[in-house]
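The lines below spell out each chain.
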Amino acid sequence: MAKQTEKDIDFDLIKAIQNGDVVAFNNMVDRYKDRLMNVIGRMLSSNEEAEDIVQETFIRVYQHRQSFNFQHCFSTWIYTIALNLARNELRKRKKFKFYDIFEMQGNEAEFAVEAKLPSRLPQVLEAAVKALPEKYRTAFLLRDVQEMSYDEVAKILSVPLGTVKSRVNRARMILREKLQPRMEEHNALSKGTLLPVSLL
Amino acid sequence: MRCRKVRSFLSVYCRDELSGRRRRQVSEHLLACPGCRRQEAFYRGMNAAAPELPSLAVSDGFNKRLLKRVAHERFAETRTKAYLPKAAPLFMWRKVAPAVATACVALVAVFITLSPVLEETTPQYANAGSGLDNSYLTVQPDGNPNMTARLKEDWSLTDHLAQTERISHITNSVTPAASFSHPDYADGLSMLTSSDSRPTPFVANYFRMRPMVRVYVVPPSSADKEGSNAF
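Going line by line, the protein sequences match chains A and B. Note that the first sequence covers residues 205 to 404 in our numbering. Note that the second sequence covers residues 290 to 520 in our numbering.
Source of the hints: derived by calculation from the structure; they are not laboratory data. Please note: incorrect hints may appear among the correct ones.
[Claimed, not checked] Simulated pairs of lysine-lysine, DSS-like, Cα-Cα distance not exceeding 30 Å:
1. Lys357(B) with Lys296(A)
2. Lys339(A) with Lys294(B)
3. Lys382(A) with Lys339(A)
4. Lys294(B) with Lys382(A)
[Claimed, not checked] Per label pair, the in silico range of CB-to-CB distance:
5. Arg386(A) with Cys292(B): 33 to 39 Å
6. Val385(B) with Pro364(A): 56 to 62 Å
7. Glu366(B) with Phe215(A): 18 to 24 Å
8. Glu317(B) with Lys334(A): 54 to 60 Å
9. Arg291(B) with Gln222(A): 33 to 39 Å
10. Thr280(A) with Met381(B): 30 to 36 Å
11. Met381(B) with Thr367(A): 32 to 38 Å
12. Ser316(B) with Gly366(A): 23 to 29 Å
13. Arg269(A) with Gly324(B): 49 to 55 Å
14. Lys219(A) with Glu317(B): 19 to 25 Å
15. Arg354(B) with Lys382(A): 35 to 41 Å
16. Glu252(A) with Arg383(B): 57 to 63 Å
[Stated by the list, open to error] Some chain A residues flagged as far from chain B (calculated, every beta-carbon gap over 12 Å):
17. Glu210
18. Ala254
19. Thr261
20. Glu293
21. Leu294
22. Val328
23. Glu356
These numbers come from a predicted model, not from an experiment. From the three backbone atoms N, C-alpha and C, an ideal C-beta is built for every residue, glycine too.
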């Protein structure tokens, strides 16, 4: 018997959800909650808000389960819903600026860490990704962090394939421009030996 | 290939997403350029680090909270679809049709029953053309409410009646002694004679009048002529 692909598993689950199976819905939540959280959490930079968005995404999936089109991937659908909700949240933020006293305290701690030399690249990369413009950040997160195909990213973002490639490439170049000087400085301080950045 | 161009392809090159010919060109350039190699090393390190970004996870009890909300949604759905009665349509023809048919039959019956009564109460207007009564030619609309109502609607009838009355007055005034050459009656009489061929607008109006009035003037005798000369 042929092994079920991710797409097949998703389709089986959504069919069961359409028939009112709550256990299948729970399985679906387990499959996607962390993936969505990793993208939305980096877009909104506040875990509580990101969690709210992820929860709202699953509620929307449940509400509109009957309108799911089986000609498309379920992952494309759920990521599109989540990103649209996140974009709406970001748009609201532009209108109203919220200041959270706990967040400000957290930032101070973060700046203190960043003032030191980077100990590991992923942490530094995390901060640099959050500083990317939204359209480059989304494309980079979906392609390089979630490791989706360009086609899928193009469908999720509803932009042409070439635009996705261009945005991802641009995001990588911005990250290099930001991070490479610091890496080289770090290398110079560590007695001039050029270490592979992956080992930093 | 120059460094600038090679560096624009480097991130794609490190992901093995470059086509064969260009990939070979970049590889050849990297062998000879330490600056571009440094950038290549950075991109490869970043590619390796990107999937290892610190994982963000939802808080404990996320599934429980979510399923609680889903249960609320399910309850709302059952409330709207299964438990509430279906909305009645505004107009159900099958139910209304017998009542409408009964009402129509009743109306027809009432009309048939009352039609003789209605006929009796219809006002009797002057019977034109019977020869018994020609007072309608000169009747004034003021005293007759039926005529007044009718005349108010049709101004041309009012005009015609008034003109008819004028003609009647003129006809009564004309005596055999009157002369065609008299300045007061010349125009009026010539207008009333059918032999008059002058194409005046009054003649046209006259022929459109109902009823038509014809005036026959007896030619004056010789005695009258003498009288008229004396006049």
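Verification of the supplied hints:
1. Lys357(B) with Lys296(A): holds (27 Å)
2. Lys339(A) with Lys294(B): Cα-Cα ~24 Å, so holds.
3. Lys382(A) with Lys339(A): Within the cut-off at roughly 17 Å; holds.
4. Lys294(B) with Lys382(A): This hinted pair holds, its Cα atoms lying about 20 Å apart.
5. Arg386(A) with Cys292(B): 33 to 39 Å: For Cys292(B) against Arg386(A), whose Cβ atoms are near 22 Å apart, the range 33 to 39 Å is violated.
6. Val385(B) with Pro364(A): 56 to 62 Å: holds (58 Å)
7. Glu366(B) with Phe215(A): 18 to 24 Å: Holds - the Cβ-Cβ distance for Glu366(B) and Phe215(A), about 23 Å, lies within 18 to 24 Å.
8. Glu317(B) with Lys334(A): 54 to 60 Å: violated (37 Å)
9. Arg291(B) with Gln222(A): 33 to 39 Å: Distance hint for Arg291(B), Gln222(A) is violated at roughly 56 Å.
10. Thr280(A) with Met381(B): 30 to 36 Å: 46 Å Cβ-Cβ, so the 30 to 36 Å window is violated.
11. Met381(B) with Thr367(A): 32 to 38 Å: violated (56 Å)
12. Ser316(B) with Gly366(A): 23 to 29 Å: Holds, at about 24 Å.
13. Arg269(A) with Gly324(B): 49 to 55 Å: holds (54 Å)
14. Lys219(A) with Glu317(B): 19 to 25 Å: Once the Cβ atoms are compared, 53 Å apart, the range 19 to 25 Å for Glu317(B) and Lys219(A) is violated.
15. Arg354(B) with Lys382(A): 35 to 41 Å: Distance hint for Arg354(B), Lys382(A) holds at roughly 37 Å.
16. Glu252(A) with Arg383(B): 57 to 63 Å: Given a distance of about 58 Å, which is inside 57 to 63 Å, the answer is holds.
17. Glu210: Given a closest Cβ separation of 17 Å, the condition holds.
18. Ala254: violated (7 Å)
19. Thr261: violated (10 Å)
20. Glu293: With a cut-off of 12 Å, Glu293(A) remains clear of chain B, as the shortest Cβ separation is near 16 Å.
21. Leu294: Its Cβ never comes within 12 Å of chain B, the nearest being 17 Å, so this holds.
22. Val328: Answer for Val328(A): violated, closest chain B Cβ roughly 9 Å.
23. Glu356: Given a closest Cβ separation of 15 Å, the condition holds.
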